[in-house]
Amino acid sequence: GENVEQHPSTLSVQEGDSAVIKCTYSDSASNYFPWYKQELGKGPQLIIDIRSNVGEKKDQRIAVTLNKTAKHFSLHITETQPEDSAVYFCAASTAGGADGLTFGKGTHLIIQP
Amino acid sequence: DTEVTQTPKHLVMGMTNKKSLKCEQHMGHRAMYWYKQKAKKPPELMFVYSYEKLSINESVPSRFSPECPNSSLLNLHLHALQPEDSALYLCASSQDPDSPLHFGNGTRLTVT
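If you're matching them up, the sequences are chains A and B in order. Just so you know, we're using my numbering here: the first sequence kicks off at 1 and counts up by one. Just so you know, we're using my numbering here: the second sequence kicks off at 114 and counts up by one.
Hints listed in this document are in silico derivations from the structure and should not be mistaken for laboratory results. Among the hints, erroneous ones may be present.
[What the hints assert, rightly or not] Anything over 12 Å on all C-beta distances counts as not near chain A; from chain B, calculated:
no., residue
1, 129
2, 139
3, 141
4, 153
5, 182
6, 186
7, 190
8, 195
9, 197
10, 213
11, 225
[Stated by the list, open to error] Computed footprint of chain B on chain A; a stretch qualifies when at least three of its residues, placed anywhere within it, have a C-beta under 8 Å from a C-beta of chain B:
no., stretch
12, 52 to 59
13, 102 to 108
From the three backbone atoms N, C-alpha and C, an ideal C-beta is built for every residue, glycine too.
Looking at chain B on its own, in the form it has when it is part of the complex:
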């Protein structure tokens, strides 16, 4: 089992809903990431937090809002999503920005 824990495993939401995805790691890693993966495609980077500071925003729409309350937790707040936002959302962490990434098993999001 992965040491990066994501909740919930599955989420169905309407376009007017507000929901949050959560990610937790207790490996002492100081960099955390959100990736989006569509079916039969590779993961695409959305956000990077390095030492709890947002260091890269890959021009993701504002309906996705990341939050890093502390070095162990990472949230992704969702609001007014579109059906095309349906995907697997993956969280990853690394010991520091120069270390390998370890992924969680993702949250499967369906927007109706």
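Okay, chain A solo, but in the shape it has when bound:
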């Protein structure tokens, strides 16, 4: 089955700086890669996703890049703000989630004021 590795487990950055979280996956058949943000006491919230026919996608301060050859994808957050503090999960699946998402172990992002 699919295995998703995520690094780092904890990331502390100064407010206004950029944050980068990296994931690798094992199954070359995976073609869908979402990123979720989970705040304390809440469920995961989809913040951005990318499919394997695209190399990069951007939405305001958030961007995701995908390297299919190397089987890795990354989340980039620019101009970080205190409200970006949360746990971020990457995930991978085939068929857009019908077989279930395989999640990475999560990154606790801390924005230092």
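Place chain B on chain A using the hints.
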């Protein structure tokens, strides 16, 4: 606020109790999911309903029993749980099996 609604938000039950978790969405989504999340861990898939039919059962113990009465509702029936079943139970839905998943805020379950 999420458009996937889960009730109750918190549940405490004994090992001999029978209880049910409920999930509702009115986005017209045709796929619904149950995930289990332990503290400081990622969500783990339990069940997938696609067009109201159970399509994946990830070898979850029989003390967890899913039910999908219609395309908007998803239940998880609980019976004879163990303390290690204490976790956050998350419901999610997607427009179809190829679309992104949207999660509810979960039910925090404690088994005593």
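Hint check results:
For residue 129 (chain B), the condition that its CB be more than 12 Å from all CB atoms of chain A holds, with the nearest at approximately 29 Å. Once the 12 Å rule is applied to beta carbons, residue 139 (chain B) is consistent with being away from chain A; the minimum gap is 17 Å. For residue 141 (chain B), the condition that its CB be more than 12 Å from all CB atoms of chain A holds, with the nearest at approximately 16 Å. For residue 153 (chain B), the shortest C-beta to C-beta distance to chain A comes to about 8 Å, within the 12 Å cut-off, and the non-interface label is violated.
No beta-carbon of chain A comes within 12 Å of the beta-carbon of residue 182 (chain B); the shortest separation is about 21 Å. The beta carbon of residue 186 (chain B) is kept farther than 12 Å from every beta carbon of chain A, the shortest such distance being approximately 18 Å. No beta-carbon of chain A is positioned within 12 Å of the beta-carbon of residue 190 (chain B); the least distance is around 20 Å. Every C-beta of chain A lies more than 12 Å from that of residue 195 (chain B), the closest at about 23 Å, which supports listing it as non-interface.
Every CB of chain A lies more than 12 Å from the CB of residue 197 (chain B), the least distance being 19 Å, so the non-interface label holds. With a minimum CB-CB distance of about 5 Å to chain A, residue 213 (chain B) fails to clear the 12 Å threshold, and the non-interface call is violated. No beta-carbon of chain A is positioned within 12 Å of the beta-carbon of residue 225 (chain B); the least distance is around 21 Å. Interface restraint, the stretch 52 to 59 of chain A with chain B: violated (0 residues with C-beta to C-beta distance below 8 Å; minimum three).
With 4 residues having a Cβ less than 8 Å from any Cβ of chain B, the stretch 102 to 108 of chain A passes the three-residue criterion, so the hint holds.
Comparing the model with each earlier hint shows violations of hints 4, 10 and 12; every other hint is respected.
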